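Full structure from sequences and hints, please.
2 protein chains.
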Amino acid sequence: MTDRLEAQFAFLNEADRLKSVLRATTLCDGSRRENSGEHSWHLALYALVLADQAGPGVNIDRVVRMLILHDLVEIDVGDVPIHSANGAAHGSEATLVAEARAADRIFGLLPPDLGAELRALWAEFEAAETPDAIFAKSLDRVQPVMHNIESGGGTWTEYAVTAEQLEARVGAKIARGAPRLWDYVKARSARFFKVSA
Amino acid sequence: MTDRLEAQFAFLNEADRLKSVLRATTLCDGSRRENSGEHSWHLALYALVLADQAGPGVNIDRVVRMLILHDLVEIDVGDVPIHSANGAAHGSEATLVAEARAADRIFGLLPPDLGAELRALWAEFEAAETPDAIFAKSLDRVQPVMHNIESGGGTWTEYAVTAEQLEARVGAKIARGAPRLWDYVKARSARFFKVSA
Numbered sequence: 001m002t003d004r005l006e007a008q009f010a011f012l013n014e015a016d017r018l019k020s021v022l023r024a025t026t027l028c029d030g031s032r033r034e035n036s037g038e039h040s041w042h043l044a045l046y047a048l049v050l051a052d053q054a055g056p057g058v059n060i061d062r063v064v065r066m067l068i069l070h071d072l073v074e075i076d077v078g079d080v081p082i083h084s085a086n087g088a089a090h091g092s093e094a095t096l097v098a099e100a101r102a103a104d105r106i107f108g109l110l111p112p113d114l115g116a117e118l119r120a121l122w123a124e125f126e127a128a129e130t131p132d133a134i135f136a137k138s139l140d141r142v143q144p145v146m147h148n149i150e151s152g153g154g155t156w157t158e159y160a161v162t163a164e165q166l167e168a169r170v171g172a173k174i175a176r177g178a179p180r181l182w183d184y185v186k187a188r189s190a191r192f193f194k195v196s197a
Numbered sequence: 001m002t003d004r005l006e007a008q009f010a011f012l013n014e015a016d017r018l019k020s021v022l023r024a025t026t027l028c029d030g031s032r033r034e035n036s037g038e039h040s041w042h043l044a045l046y047a048l049v050l051a052d053q054a055g056p057g058v059n060i061d062r063v064v065r066m067l068i069l070h071d072l073v074e075i076d077v078g079d080v081p082i083h084s085a086n087g088a089a090h091g092s093e094a095t096l097v098a099e100a101r102a103a104d105r106i107f108g109l110l111p112p113d114l115g116a117e118l119r120a121l122w123a124e125f126e127a128a129e130t131p132d133a134i135f136a137k138s139l140d141r142v143q144p145v146m147h148n149i150e151s152g153g154g155t156w157t158e159y160a161v162t163a164e165q166l167e168a169r170v171g172a173k174i175a176r177g178a179p180r181l182w183d184y185v186k187a188r189s190a191r192f193f194k195v196s197a
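Those protein sequences? They're chains A and B, same order as listed. For the first sequence, full-length UniProt numbering gives the first residue as 1, with consecutive numbering after it. For the second sequence, full-length UniProt numbering gives the first residue as 1, with consecutive numbering after it.
Check each hint, because a few of them may be wrong.
Restricting the straight-line Cα-Cα distance to at most 20 Å, the calculated cross-link-like pairs of lysine to any residue (SDA-like) are [said to hold, decoys possible]: (1) LYS186/B / ASN13/A; (2) LYS173/B / GLY55/B; (3) LYS186/A / ASN13/B; (4) LYS173/A / ILE149/A; (5) LYS173/B / ALA116/B; (6) LYS186/A / LEU5/B.
If you are wondering where the hints come from, they were derived from the structure by calculation, not from laboratory data. Since we're looking at a predicted model, the values are computed, not measured.
The following block contains the structure:
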């Protein structure tokens, strides 16, 4: 039993490092960049509060579990901003390989039964094929949009993002799992984008 | 529907402020004080990882939900360190009244049905009478103990805490919901306390 607790706490103490991984997005008040630990908390709260936006068959408790775990690999890989490298870095093959290796190491700290269970939830989130994972991904995309709206443009200004790029990189993924949320934040974000043509 | 989303996002944006509420406890590496947003994430992860320490009848998904919500009132009240004012400030009547008022305001931002549901979960946590709440409280107490162990003494040094005070203020509450966790961290923390007598 003590060996098992040793492994559980080794993982929990390692997870603490996620609080030192900084994202591109700032807090709503723009005072500083958000870290991936507090971001994960905020997303879990998003899931509880926006559960009525989930499609049929979505289990919110599984969504919450995925969102709690979803960024742990960033302890090794860091956050890859969605609009960086003109949108090409996020989801690149190199990033995916590095994240899988990080998942092996980090979930590997746990007792094997528990590590396999939590790693499977993380992999399900990453694959974005099940209703739970699709909804979780929508929330992960909508929160930075809301923070950019609140902070006055945020990473859209920093990376000179166009409305078309936002639609392609972010909007389509929000709309896939939560179409009304995309309609809502799109309308609220319109004032940050110049009308093209 | 738009009015409902307005209320949901007003709450979620207000909740963002929890990331700026600082606790007495530091990160494991001692580099800075922890904020209550990232602390809430870490506790939700504790619940997923230490679920096998919960007593019979505990629903881990409800525990996770409580832990996500449990510190939101600190947006108005701030964190009241457990060892501050020689242990007398935390849980004082004045603090409880202020926290209830904060809960009214913050959960009151939500649509009424949802606000009532989440406020009830918060109140259940605070009352610490149900198996879910008792286990959630144990996790909330064990995490700072582990951080003090990792950071080399932390708030025990800062507030000159004795082993007896730790047992009374913290240990009894951990042991109530997760006795083996208290045995484990008590043994690991022993080197920070002088032997009395």
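Hints, verified against the model:
The straight-line distance between the Cα atoms of LYS186/B and ASN13/A is roughly 17 Å, inside the 20 Å bound, and the hint therefore holds. A distance of roughly 14 Å separates the Cα atoms of LYS173/B and GLY55/B; the hinted pair therefore holds under the 20 Å criterion. Taking the CA atoms of LYS186/A and ASN13/B, the gap is near 17 Å; set against the 20 Å cutoff, the hint holds. Distance check on the hinted pair: LYS173/A and ILE149/A sit about 18 Å apart at the alpha-carbon level, within 20 Å; holds.
Distance restraint check for LYS173/B and ALA116/B: the Cα-Cα separation of roughly 27 Å exceeds the 20 Å cut-off, and the hinted pair is therefore not satisfied. Annotation: proposed proximity of LYS186/A to LEU5/B holds, straight-line Cα distance about 13 Å (limit 20 Å).
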